[in-house]
Amino acid sequence: MTDHFDAIVVGAGPSGNAAAYVMAKAGLSVLQIDRGEYPGSKNVQGAILYSDALERIIPDFRDSAPLERHVVEQRFWMLSEKSHTGAQYRSDDFNEEKPNRYTILRAQFDKWFSKQVRAAGAILITETTVKDLVKNDAGKVIGVLTDREGGPIFADVVVLAEGVNGVVGQRAGLRPEIKPNHVALAVKETHFLPEETIRERFNLAGEEDGVVIEVIGSVSSGMVGTGFLYTNKESISIGVGCILSDFAQTRVPPYELLDRFKRHPSVAPLLKGAEMKEYVAHLIPEGGYDAIPTLTGDGWLIVGDAGQFVNAVHREGSNLAMTSGRLAAESLIQLKAEGKPVTNENLKLYRDKLADSFVMKDLKKYRKVPHLLERNRQLLTTYPSALNRAFQSFLRVDGVDKRTKEAEALRDLKKARGGWLRMASDLFKVARAWR
Amino acid sequence: MDEPIIEALEPPKPAPTGLNIVVCIKQVPDSAQIRVHPVTNTIMRQGVPTIINPYDLFALEEALRLRDEYGGQVTVLSMGPPMAEDALRRALGLGADKAVLITDRRFAGSDTLATSFALTAALTTLAEERPIDIVFTGKQTIDGDTAQVGPGIARRMGLNQLTYVSAIDSLDLAAQGIVVRRRSEGGVQVLRSKLPCLITMLEDTNTIRRGTVQDLLRAARADVTVWSAEQAGVEDPMKCGLRGSPTVVKRVFAPSPRAEKAEMVTVEGKTPAQIGDALIDLLFARDPKLEAVVTAAAR
Amino acid sequence: MAETPQAQPAGRAGLRKELPERFRDYKHVWVLVEIERGKVHPVSWELMGEGRKLADKLGCQLAGVVIGPKAETTKTAIRQTYHYGADVCYIVEDEALTDYRNEPYTQVLTDLVNKYKPEILLLGATPLGRDLAGSVATTLQTGLTADATELAIDDDMCLGATRPTFGGTLLCTIYTLNHRPQMATVRPRVMAMPEPDTKRSGRMIWDNLRMKEDDIITKVLEFVSDNTSKEANLAYADIVVAGGMGLKNEANLALVRNLARTLGGDWGCSRPVVQKGWAPAERQIGQTGNTIRPRLYIAAGISGAIQHRVGVEGADLIVAINTDPNAKIFEFAHLGVVADALTVLPALTDAFARRLGARALAS
Ligand SMILES: Cc1cc2nc3c(=O)[nH]c(=O)nc-3n(C[C@H](O)[C@H](O)[C@H](O)COP(=O)(O)OP(=O)(O)OC[C@H]3O[C@@H](n4cnc5c(N)ncnc54)[C@H](O)[C@@H]3O)c2cc1C
Ligand SMILES: Cc1cc2nc3c(=O)[nH]c(=O)nc-3n(C[C@H](O)[C@H](O)[C@H](O)COP(=O)(O)OP(=O)(O)OC[C@H]3O[C@@H](n4cnc5c(N)ncnc54)[C@H](O)[C@@H]3O)c2cc1C
Ligand SMILES: Nc1ncnc2c1ncn2[C@@H]1O[C@H](COP(=O)(O)O)[C@@H](O)[C@H]1O
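Chains as they are written, first to last, in our numbering: chain A, 1 to 435; chain B, 1 to 299; chain C, 1 to 363.
Hints may be right or wrong, so weigh each one.
Result set (BS3-like, lysine-lysine): computed pairs, CA atoms no more than 30 angstroms apart in a straight line [to be verified]:
1) B:K250 / C:K57
2) B:K239 / C:K117
3) A:K111 / A:K353
4) A:K25 / A:K98
5) A:K179 / A:K140
6) C:K117 / B:K250
7) A:K233 / B:K250
8) B:K194 / C:K70
9) C:K328 / B:K261
10) A:K25 / A:K353
11) A:K353 / A:K340
12) C:K57 / C:K115
13) A:K414 / A:K82
14) A:K336 / A:K353
15) A:K111 / B:K98
16) C:K328 / A:K262
17) A:K82 / A:K272
18) A:K277 / C:K248
19) B:K239 / C:K115
20) A:K368 / A:K179
21) C:K75 / C:K117
22) B:K261 / C:K248
23) A:K353 / A:K365
24) C:K219 / C:K70
25) C:K328 / B:K270
26) B:K289 / C:K53
27) B:K98 / A:K115
28) A:K115 / A:K131
29) A:K262 / B:K261
30) C:K219 / C:K39
31) A:K415 / A:K402
32) C:K53 / B:K250
33) A:K179 / A:K365
34) B:K239 / C:K27
35) B:K194 / C:K212
36) A:K348 / A:K365
37) B:K289 / C:K328
38) C:K39 / B:K194
39) B:K194 / C:K219
40) B:K98 / A:K25
Don't read these hints as lab results, they were simulated from the structure.
Produce the complete structure using the sequences and hints provided.
Here it is in structure tokens:
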């Protein structure tokens, strides 16, 4: 007996789960395949969940999803060797009935999401890696081959939700290999602490309030990258990510970078006494709009990280993944309802929906940021340290008059960057990339 | 009035052939990932994934191997929370034919005596459908580590008990005979026994197979039979769970960490030979009698 | 033993009732003297030493239970049982008891318990002890704590058996409050071996097996002895050198064996080394292998996972050689060397050989 499905979804991350859920809910026969022991087992833990994207798929997700804390405070730190200059925003408005952002542990969240997918009627098989796509003579994708015995499995469409590497798509010749300057390598650890300790250290009133810290500056040791620290219920997720090609060039071992970050005097006290349990490394697509591969073809389409749908500036990924998954599903449901085959031409529906959504709009808006940072490393190195020096001098009461201090700080900055003109041009570039 | 003969329309079901095997599996937290709360000394289960007790996989594989050779069916049976269905489904994906979960609030807090009681009830109920030839269990669980549930079941069901089995040498279905190798102190006993029997399988005796795509699809679609205490055939619920457990856990605590840190032998700028000498000096300094022990032993 | 010890221990402890009438006359501490192929397992003597302490605390007698064939080896075992501290010996001799088999042994032991009513019954946590204890406890419907590492009598004169659980991450103390006897199997090598007193002797109580060979279904066809040429086994070696995955391949295990030989000790390994097929299973040290208690333990290229740790913690002196300064093994080793085991092991072997005036034997 051969098995034929309306759709096969490769991957059970946020994008694959969204696609499978929406299709299964609409009555399509869906097979989802993930290589992990269970959905989420291979996925990097500790992340921010943006409610909106999920709410559009599972409106009452808050009732059952494993959410850690909702974010009431966001800090931005510019790090230098021994100090940080920061801004922070906390608002009681974030304690709304339906909070906008949560910290989650991906392993648990993905498991939960996958359970909803199966409850909706999709079939999931795990510990199974999709090796290749099966095409008919006309070149249309008609199924998948896995690393298990038992031959191919067939479907009208294969949804590639396989994450950043996009190996399956690549092997099938549907897309190019991913470039090292289009992905960041992030390393991350989870540090366990008693709930009370976390609340005390981050000055949190509510049991479920949480803090997020985003960090630039010395944390990336001159590479294009950022650091982060999220509070979960009983743990802290901490990590750094830098562009892969930079790691290759500087030969700085990623864990060393993370080690330095953890030892930083601004960070160490937050982690003191914690038990480290997990060290993971994962890629994040950060090539932006210009790195997006071809997204559709006859019998296949791409969603999520596989399509480079990550907004690196705002550190958004899972929401773009879920949204692209949902839009793909809605397109396929419509095609099925209209009795149309899943051809590249008909999949224009999906491409249009994407273009109309915040996914493509945001990626377009920040199109220039990746190039900007890559070519202007000073933005991540010189400015943060100069700023920290300026603050240090400004706050230290040592008999030097304030006017002299201000002048020194400015001189210092100018010297660091090699002239006012250069600084002006930096500012201009940032503004333009942001536009 | 003449009754029409209905039976003639339905051919009688052929008597089942081959072996009827039940494998008891338990879903356990992955002990490698368990943490202890530093203050309350309780287990922090948050984020700790669950797995099939690794020892049970050796039992399952042996059962599947026998089924493939002699025909018949393999049923996996587990007692646990509703979530344990995941473990059973995974076992189906590995090739088991049927899965039964017994789950009931009244089972909570069972010790091994109460666990073997509940599992025996379910096994007896299963045996009504078709007599069981072999019950397999793992050697032990990684959360309880008692190795007692298997012997408990064997005793209650009156099965021949074969523990720590490293291999099944032969099986004669017609004569109901079985020959196994059993690990014992200083060697291996080759035992001849009879079906029905209970076998607890030793670890590292085989390698669990990977199910085929069809196994997985079948497992994903299959129904796991879920029984409450009554449905499992438990007649006296007082013998289940906390109430049916003669043992009482009075205290749970983390092992006290060693206060003293390891003394590190400096290695910088030393040749391996110098490191060796430095290490020996430290050893003999710490335990002056050691030198004599070593000298005597080395003769 | 409870499967989920964190399930409200307080709630369960609250279940304590008065000991039912029928158990009131259960007295004395019993230890099963485990004889396999004529040899007494040393754990039985370790237990006799521990049982002596419990009996003294309870003010009762200590008895050994000797089950075996009518043979000189059984007689010797009986004599030794007194030497190691027993006041009484319960003896059942029968040809059908020559090899250990679950059926007749269970019958013998349950009959003795029902007849002579011990308060505490201890067995070694060996394949024999655990096989037998599970059957006996189920037949008697009493509580059994497996694999205990510590025994104590509490203020209520009850036995508290402490044991590792969750692979050694946690310890728990377990009681059997409303049933008798209180049973436990105890891990070999965790209790100290008592000094035998050859002048001691005591009472003998004989009983019979109520079964004939023909009634016993399971037959022993053969016993295949492990090819461990040495008399002393790993668990009882004074010096143990062990290697882990850090040794990279099977051939490098020779470095471990050489050092062990130079020191007159025995060698072992971590579990993955066995799984790789580089060493036989009886060489494994840890939770699912041997528990060792040597004077000196040298671990080379072993990370020190909790399952390994629980098997070696009883060593007097632990030396770890590992390239990773953050390896877990340094958390419980006494001496640490952050270096390549492949160079340090031969160097150490040479250095010892030089000192001992012996020459390192090449393999
Ligand atoms: C350190 C880090 C921090 C992040 N923080 C955030 C954050 O705070 N907020 C946010 O919104 N986003 C964040 N992201 C990004 C976010 O994680 C991703 O955008 C999101 O997970 C993409 O979902 P996806 O479903 O496309 O891919 P994935 O989550 O990568 O899922 C792909 C799945 O496919 C499976 N798979 C792959 N290949 C195969 C195959 N051949 N056969 C079978 N299965 C296969 C994998 O096992 C995996 O389960 C972060 C990423 C990283 C690395
Ligand atoms: C249910 C269960 C039961 C188990 N029972 C046992 C048991 O009884 N016994 C047991 O040992 N394990 C047991 N384990 C396995 C245990 O969890 C670990 O996986 C195992 O102990 C690791 O073995 P290892 O230290 O040799 O290998 P690894 O964890 O791979 O460690 C190798 C070590 O060698 C170091 N190294 C590498 N190269 C060198 C070099 N050149 N020189 C020096 N050091 C080097 C590395 O830094 C590392 O620390 C069990 C696991 C489970 C789940
Ligand atoms: N709750 C359970 N459900 C099914 N099987 C179990 C359960 N608990 C224990 N077992 C079986 O009994 C064996 C020994 O378990 P234990 O006595 O807990 O070490 C395990 O390997 C399982 O095969």
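Evaluated hints:
1. B:K250 / C:K57: Holds - the C-alpha atoms of K57 of chain C and K250 of chain B are around 21 angstroms apart, at most 30 angstroms.
2. B:K239 / C:K117: holds (23 angstroms)
3. A:K111 / A:K353: holds (28 angstroms)
4. A:K25 / A:K98: holds (24 angstroms)
5. A:K179 / A:K140: holds (26 angstroms)
6. C:K117 / B:K250: holds (25 angstroms)
7. A:K233 / B:K250: holds (29 angstroms)
8. B:K194 / C:K70: Distance of about 27 angstroms is within 30 angstroms: holds.
9. C:K328 / B:K261: holds (12 angstroms)
10. A:K25 / A:K353: holds (20 angstroms)
11. A:K353 / A:K340: holds (17 angstroms)
12. C:K57 / C:K115: At roughly 24 angstroms apart (the allowed maximum being 30 angstroms), K115 of chain C and K57 of chain C satisfy the hint.
13. A:K414 / A:K82: holds (21 angstroms)
14. A:K336 / A:K353: With a Cα-Cα distance of about 17 angstroms, the restraint between K336 of chain A and K353 of chain A holds, given a limit of 30 angstroms.
15. A:K111 / B:K98: holds (24 angstroms)
16. C:K328 / A:K262: The given pair, whose Cα atoms are some 20 angstroms apart, holds under the 30 angstroms limit.
17. A:K82 / A:K272: Distance of about 17 angstroms is within 30 angstroms: holds.
18. A:K277 / C:K248: holds (26 angstroms)
19. B:K239 / C:K115: Holds: K239 of chain B and K115 of chain C sit about 25 angstroms apart, inside 30 angstroms.
20. A:K368 / A:K179: Roughly 17 angstroms between the alpha carbons, so the hint for K368 of chain A and K179 of chain A holds.
21. C:K75 / C:K117: Roughly 24 angstroms between the alpha carbons, so the hint for K75 of chain C and K117 of chain C holds.
22. B:K261 / C:K248: holds (27 angstroms)
23. A:K353 / A:K365: holds (17 angstroms)
24. C:K219 / C:K70: holds (19 angstroms)
25. C:K328 / B:K270: Roughly 24 angstroms between the alpha carbons, so the hint for K328 of chain C and K270 of chain B holds.
26. B:K289 / C:K53: Holds, at about 29 angstroms.
27. B:K98 / A:K115: Answer holds: K98 of chain B to K115 of chain A is near 22 angstroms, not above 30 angstroms.
28. A:K115 / A:K131: OK: K115 of chain A and K131 of chain A at ~25 angstroms, within 30 angstroms.
29. A:K262 / B:K261: OK: K262 of chain A and K261 of chain B at ~22 angstroms, within 30 angstroms.
30. C:K219 / C:K39: Holds - the C-alpha atoms of K39 of chain C and K219 of chain C are around 20 angstroms apart, at most 30 angstroms.
31. A:K415 / A:K402: holds (20 angstroms)
32. C:K53 / B:K250: Given pair K53 of chain C, K250 of chain B holds - Cα atoms ~22 angstroms apart, limit 30 angstroms.
33. A:K179 / A:K365: holds (21 angstroms)
34. B:K239 / C:K27: Distance of about 26 angstroms is within 30 angstroms: holds.
35. B:K194 / C:K212: With Cα atoms ~17 angstroms apart, K194 of chain B and K212 of chain C stay inside 30 angstroms; holds.
36. A:K348 / A:K365: Holds - the C-alpha atoms of K365 of chain A and K348 of chain A are around 22 angstroms apart, at most 30 angstroms.
37. B:K289 / C:K328: Holds - the C-alpha atoms of K328 of chain C and K289 of chain B are around 28 angstroms apart, at most 30 angstroms.
38. C:K39 / B:K194: holds (28 angstroms)
39. B:K194 / C:K219: Holds, at about 10 angstroms.
40. B:K98 / A:K25: holds (28 angstroms)
Consistency note: the structure conflicts with none of the earlier hints.
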